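Go by the hints and put chain D onto chain E.
Number of protein chains: 2
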Amino acid sequence: MKLSISDSIKNIPYYPKALMYGHEEGWVRLSSNENPYPPSEAVLETILDALSAVNRYPGGEKELKDDLAAHYGLAGDNFVIGNGSNELIEMSLRAMKHDSRDGIIVTESSFAFYEIAAKIYGYTVKKVPLKNLTTDLGAIARAIDDRTRIVFLNNPLNPTGTMYEDREFDDFIRSVPPDVLVVVDEAYAEFAQNPQFPGTLTYIKDYPVLIFRTFSKAYGLAGLRVGYSIGDADLVSFLERTKQPFSINLIACLAARAALKDEARLKKVLDNSAQARSFYYAELKAMGLEYVPSEANFVLIRIGDGAEEITRRLFERKVLVRFMGSYGFPDCIRISFGTPAENRKCIEELKKLT
Amino acid sequence: MKLSISDSIKNIPYYPKALMYGHEEGWVRLSSNENPYPPSEAVLETILDALSAVNRYPGGEKELKDDLAAHYGLAGDNFVIGNGSNELIEMSLRAMKHDSRDGIIVTESSFAFYEIAAKIYGYTVKKVPLKNLTTDLGAIARAIDDRTRIVFLNNPLNPTGTMYEDREFDDFIRSVPPDVLVVVDEAYAEFAQNPQFPGTLTYIKDYPVLIFRTFSKAYGLAGLRVGYSIGDADLVSFLERTKQPFSINLIACLAARAALKDEARLKKVLDNSAQARSFYYAELKAMGLEYVPSEANFVLIRIGDGAEEITRRLFERKVLVRFMGSYGFPDCIRISFGTPAENRKCIEELKKLT
Chain E
0 MKLSISDSIK NIPYYPKALM YGHEEGWVRL SSNENPYPPS EAVLETILDA
50 LSAVNRYPGG EKELKDDLAA HYGLAGDNFV IGNGSNELIE MSLRAMKHDS
100 RDGIIVTESS FAFYEIAAKI YGYTVKKVPL KNLTTDLGAI ARAIDDRTRI
150 VFLNNPLNPT GTMYEDREFD DFIRSVPPDV LVVVDEAYAE FAQNPQFPGT
200 LTYIKDYPVL IFRTFSKAYG LAGLRVGYSI GDADLVSFLE RTKQPFSINL
250 IACLAARAAL KDEARLKKVL DNSAQARSFY YAELKAMGLE YVPSEANFVL
300 IRIGDGAEEI TRRLFERKVL VRFMGSYGFP DCIRISFGTP AENRKCIEEL
350 KKLT
Chain D
0 MKLSISDSIK NIPYYPKALM YGHEEGWVRL SSNENPYPPS EAVLETILDA
50 LSAVNRYPGG EKELKDDLAA HYGLAGDNFV IGNGSNELIE MSLRAMKHDS
100 RDGIIVTESS FAFYEIAAKI YGYTVKKVPL KNLTTDLGAI ARAIDDRTRI
150 VFLNNPLNPT GTMYEDREFD DFIRSVPPDV LVVVDEAYAE FAQNPQFPGT
200 LTYIKDYPVL IFRTFSKAYG LAGLRVGYSI GDADLVSFLE RTKQPFSINL
250 IACLAARAAL KDEARLKKVL DNSAQARSFY YAELKAMGLE YVPSEANFVL
300 IRIGDGAEEI TRRLFERKVL VRFMGSYGFP DCIRISFGTP AENRKCIEEL
350 KKLT
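Same order as they appear, the protein sequences are chains E and D. Numbering that gives the first Met the number 0 applies: residue 0 is where the first sequence begins, and numbers increase by one. Numbering that gives the first Met the number 0 applies: residue 0 is where the second sequence begins, and numbers increase by one.
Pulled out of the complex, with its shape left as it was, chain E reads as follows (with noise of 0.2 Å):
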């Protein structure tokens, strides 16, 4: 081949796809930080009204910002819908001006596709350790430089669901050069029980912020692809910009504006993770197992050198949860919250291991 392939795209391992396991009857999934429940009835309903109309292009985003800007008390044109949150990353780095000197800042120990990502769009990444296990916001607003484009914050952070709150973030937001963007890509928000949860939204007006958040987690829309940013509207309108028509398929659309009016279904999936934070909190005390106490739908848990190896060994008992060697803890694993009998059977599982 003699195709000049750029060279931040060369560096990047090649994946072929995954193939799809633990979606078929008597797996237990409790890798990925997703909604044990499938949608309401009233969601199920929507997308069946849908499906005789997938043979047309996509519409629906106007009114699911319509539905967002009346849920949040903004405005339509505060919003941008994204095929998820991995667009909305992809929008961000695509909008600010940049070459391969400028860079982004990330936490370490983060999800994996804001690296990801800014090596596609050919940025620098620097990378800012966790200070007991939480964002550092201090060393991170230390490491911005005249060469810094974007802070990507996930807050609470996956995979120790650990949170920074209100006071840190106002610190740090009035540190920030004004020429930098932060992201505060905020997917699990909705499971935050701590009343200092940052309230960043008051921030889109005054300072270049852009807040994420997404259909796939609370409100357990995963498999659709929706996410949304929230910002001032100028900002916004360049990200709109940089994105593609019908990057957002029919079915999600419809499915995320029923989703965001179904309050019931959205109580009943926070009470089921908070209880199921109790269950397992009582469960890995009296195990004797370390484990960091949670703002998300999902726990961190010490095992100690076995920890590969008791995924596997989940794995071949059909209990999908996640090894955390990628995330820079080689002894820990992350369990996502599922239903309480999926809970109880993955420590039943779990004991017989440790």
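These are calculated hints, taken from the structure and not from any lab test. Any given hint might turn out to be false.
No copy labels: a pair is met if it fits in one copy or bridges any two.
[As the list claims (entries may be wrong)] The calculated EDC-like cross-link candidates involving lysine to aspartate or glutamate, where the alpha carbons are at most 20 Å apart (straight line), are:
no.: 1; residue 1: Lys317; residue 2: Glu341
no.: 2; residue 1: Lys350; residue 2: Glu289
no.: 3; residue 1: Lys9; residue 2: Asp65
no.: 4; residue 1: Lys267; residue 2: Asp169
no.: 5; residue 1: Lys130; residue 2: Asp233
no.: 6; residue 1: Lys9; residue 2: Asp98
no.: 7; residue 1: Lys9; residue 2: Asp76
no.: 8; residue 1: Lys1; residue 2: Asp144
no.: 9; residue 1: Lys130; residue 2: Asp76
If you're wondering where the values come from, they're calculated on a predicted model, not measured in any experiment.
Just chain D now, kept in the frame of chain E:
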């Protein structure tokens, strides 16, 4: 706002996303080259089965690639799946090494997203005029210089419906320097009836050719967003590396696999398209309107000065066709082939207006 937005993004006009119209009962939607038929029972059943898993992250790209490999007699790693062909266009642009002096070549009066996407990724764009309303491969070959990174062809061509033949493509591809990627977007290939339609598959081994195909047209899944690219495994692997995980939603993967198997439905769609073509030719001839003979599922019609006005008046009658001003044909409209009843309604309303 003190953020520095990329120059190429700033120059793109901002359109807040369009409202969803024409999906309602009573509209005849012949403006977007969609398939007029909803998916078959087999596809709908596949989607229904998958609905209860939309809380899970999607999988199934590997399986879809294997099905495509069997369909085309190739290997799974000759395929990359995209969230519609738009994502494939973006992947190609991301993969190629380039700076702001490098460019792409497109046909004038072609699908607008090639140019928009090229600008998003910071390429210059050279447009080569049509010759007799057809892609001018000779002129494109002469336009290639040492700054050319990608040539985007579209065959059959939207919006004229014309095609270049196998011999022309063979001459062209042999003349292209080996460091220039040739993308052949064959979104409408299934509709072509001309036996001289190029067999581009035979070139992927020895030439830097990527073929784009889609489930949005003949397979009727525009609302779900699935396209795919066929090429040399090595080249395809670089596209794959530029792609976000989970860009294809769960339902789309499964529906595409079911649609690929449903040969009876494809035959029905292609038969309908062939009949619609004859119907429009006969009616337009009788009305004294000039049209371009088409190898696709639409027809370009010369209306004269009133083309935009007629589009508007058809809209008032709930018949959506596409005014071709933005494609450089201000005296033309493009009508996508609908069901027999939709086509009759469209001609009936057109007769009242011309």
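Results of checking the hints against the structure:
In this assembly of identical chains, the alpha carbons of Lys317 and Glu341 lie at most 20 Å apart only when taken from the same copy (11 Å versus 51 Å across copies). In this assembly of identical chains, the alpha carbons of Lys350 and Glu289 lie at most 20 Å apart only when taken from the same copy (14 Å versus 77 Å across copies). Taking the shortest Cα distances, Lys9 and Asp65 never come within 20 Å of each other, neither inside one copy (41 Å) nor across copies (25 Å). Proximity of Lys267 and Asp169 under a CA criterion of 20 Å is satisfied in neither setting, with 32 Å inside one chain copy and 61 Å between copies.
For the identical chains of this complex, Lys130 and Asp233 are neighbours neither inside a copy (35 Å) nor across copies (42 Å), given an alpha-carbon limit of 20 Å. Taking the closest pair of Cα atoms, Lys9 and Asp98 come within 20 Å of each other both inside a single copy (18 Å) and across two copies (16 Å). Proximity of Lys9 and Asp76 under a CA criterion of 20 Å is satisfied inter-copy only: 17 Å between copies versus 37 Å inside one chain copy. Taking CA atoms no more than 20 Å apart as the test, Lys1 paired with Asp144 passes between copies only; the shortest distance there is 16 Å, against 38 Å inside one copy.
In this assembly of identical chains, Lys130 and Asp76 lie within 20 Å of each other by CA distance neither inside one copy nor across copies; the values are 37 Å within and 42 Å between.
Taken one by one, the earlier hints fail for this structure at numbers 3, 4, 5, 9, listed in ascending order.
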